[in-house]
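Peer 1: Following the hints, complete the assembly by docking chain Y onto the known chain E.
There are 2 protein chains.
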Amino acid sequence: MYPTREAAAGGPTAREHPTVWGAPSDGPFGAEELAAHELRGFTILEDFVSDEEVATFSDELTRLAGDETLRADERVVTEAASGEVRSIFEVQRFSAVIDALTRDPRVLGRARQLLGSDVYLHQTRVNYMPGFKGTGFYWHSDFETWHAEDGMALPRAVSCSIALTENYPFNGGLMVMPGSHRTFVPGIGATPEDNYRSSLKAQEIGVPTEEAVTGLAHTHGIDQFTGPAGSALWFDSNIMHGSGNNITPFPRSNIFLVFNSVENALDEPYGAAAPRPGYIANRDTTPLA
Amino acid sequence: MYPTREAAAGGPTAREHPTVWGAPSDGPFGAEELAAHELRGFTILEDFVSDEEVATFSDELTRLAGDETLRADERVVTEAASGEVRSIFEVQRFSAVIDALTRDPRVLGRARQLLGSDVYLHQTRVNYMPGFKGTGFYWHSDFETWHAEDGMALPRAVSCSIALTENYPFNGGLMVMPGSHRTFVPGIGATPEDNYRSSLKAQEIGVPTEEAVTGLAHTHGIDQFTGPAGSALWFDSNIMHGSGNNITPFPRSNIFLVFNSVENALDEPYGAAAPRPGYIANRDTTPLA
Chain E
1 MYPTREAAAG
11 GPTAREHPTV
21 WGAPSDGPFG
31 AEELAAHELR
41 GFTILEDFVS
51 DEEVATFSDE
61 LTRLAGDETL
71 RADERVVTEA
81 ASGEVRSIFE
91 VQRFSAVIDA
101 LTRDPRVLGR
111 ARQLLGSDVY
121 LHQTRVNYMP
131 GFKGTGFYWH
141 SDFETWHAED
151 GMALPRAVSC
161 SIALTENYPF
171 NGGLMVMPGS
181 HRTFVPGIGA
191 TPEDNYRSSL
201 KAQEIGVPTE
211 EAVTGLAHTH
221 GIDQFTGPAG
231 SALWFDSNIM
241 HGSGNNITPF
251 PRSNIFLVFN
261 SVENALDEPY
271 GAAAPRPGYI
281 ANRDTTPLA
Chain Y
1 MYPTREAAAG
11 GPTAREHPTV
21 WGAPSDGPFG
31 AEELAAHELR
41 GFTILEDFVS
51 DEEVATFSDE
61 LTRLAGDETL
71 RADERVVTEA
81 ASGEVRSIFE
91 VQRFSAVIDA
101 LTRDPRVLGR
111 ARQLLGSDVY
121 LHQTRVNYMP
131 GFKGTGFYWH
141 SDFETWHAED
151 GMALPRAVSC
161 SIALTENYPF
171 NGGLMVMPGS
181 HRTFVPGIGA
191 TPEDNYRSSL
201 KAQEIGVPTE
211 EAVTGLAHTH
221 GIDQFTGPAG
231 SALWFDSNIM
241 HGSGNNITPF
251 PRSNIFLVFN
261 SVENALDEPY
271 GAAAPRPGYI
281 ANRDTTPLA
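Chains as they are written, first to last, in full-length UniProt numbering: chain E, 1 to 289; chain Y, 1 to 289.
So that you can see chain E by itself, here it is in the shape it has in the complex (with noise of 0.2 Å):
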């Protein structure tokens, strides 16, 4: 359907399926705002959580980052130079108050708005990215990873990324390119087994190729997900985007949730031998309530 992985890769392909499944009436996006996301695969919302919620969800990731007893679990990376924690999966198994925060209508509402039905979470981080220290991820699609890597069939799925530090546009933040997640492009390669275990740290497999990156460059320009914290970023599945590095002291913390339509349950991977773990790609579709 959306074909990806192959030795030769192809050319980018229209997306076949729409960015907003739902309608005005289904939750707390307006129609504005609605055809905006359609157009553009993102928006931005500033002061989505509070200076409160900020501090409490901060003082969250420090304690999550500090226990030692998590180190070994699986669901851990650190970062393959410095060694420390740069992201935990699953992360509401870990914390309290971010499994209520995967539930809280601000963000269920709009998740269930965008994809047009009852959605469970297909993936959860953490990230930490230190000042000095964070390196960058290169322009990727999330979908066509999931499509390929975890067998999601459709592009009907949204992530929402929350920001507990500040976002300026020179400290390794999001980059989009708006209007990009109606182009599907195909990563260059067949997936090695168990490439998600270096893929987390730096891809390499699947990325699309430069030509197309400069293509939807010049198409779509770039814009970055800047602002203070407690904004958020709301972004379609197949939205090209990427980071460059950060060697300003500045960190850069935020929590990351991704939601599927439980219409869109995962099949066997697409382009893949294996399906990646749970708590990379949950098959759980037990819907959020």
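Honestly, I wouldn't trust all of these hints.
[What the hints assert, rightly or not] A partial selection of chain E residues facing chain Y, derived with a Cβ cut-off under 7 Å:
| # | residue |
| --- | --- |
| 1 | LEU39 |
| 2 | LEU64 |
| 3 | PHE132 |
| 4 | TYR138 |
Rather than coming from a laboratory, the hints here were simulated on the basis of the structure.
All residues carry an ideal CB built from backbone N, CA and C; glycine is no exception.
Peer 2: Chain Y alone, transformed into the frame defined by chain E:
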């Protein structure tokens, strides 16, 4: 005078010398512009050169980067990973149009005015940062290097960077800390022999401590040199600056000219065993005219 490159790094110290040495009556900058430059340590001028000049200079850079006969010249620096040309030093010797630019009244008038005397070229180069592959430079003060490795007594030098491509906030352009030029931050560690051979590709010796960079960033914040091709950044020799990597398809090229006052001729290096070659630190103080 400005102690640096010692095994036990001292802390930051206040700069003893002025930034602007000339007067409004001396040249193109007005009184307010000079006051702002004294305060911030840099000035950005859009439309510093015309679109036609940008095209002429860009063609010149393309010609120089493509000239295989120059590849063996020590003045031509290549990217560690890809082998592509990253910088060409003493570029006015290779290019009549760039030689003329160094004497252009828009350039030379401002250099003389800021430094309050006749000036000569301490260093020149053109920089190529290709899309996708551009690596950044860690935070540093040029004057720290020029003082330690070249024997430049005082921060009475100024750099002019002319952008030949658009500087976005996200394609690895220069970051500066406004006002940081008023503080001298020592570099850590003794200078190894022939340090310049590696330091031009990736600075490792003489870098400021993370503590010092953090202090300056929290005091002064970070600005970026953004703007269309043809913009110029004039910046003090002692301003703290750096750049991130560039994962976007948008390349960056610029012409970089460093002017030193003829009254600030190089001495023996204050923090290195031997002076660097003349194409990196020119010792011919014949004034530009």
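Peer 1: Each hint: holds or not?
Peer 2: Right, here's what the structure says about each hint:
The closest approach between the C-beta of E/LEU39 and any C-beta of chain Y is roughly 21 Å, which is over the 7 Å cut-off, so the hint fails. Interface hint at E/LEU64: violated, since its Cβ lies 24 Å from the closest Cβ of chain Y, which is beyond the 7 Å cut-off. With 7 Å as the threshold, the beta carbon of E/PHE132 comes within range of chain Y, its nearest partner Cβ sitting at about 6 Å, so the hint holds. At a threshold of 7 Å, the smallest CB-CB gap from E/TYR138 to chain Y is about 6 Å, leaving the interface hint in force.
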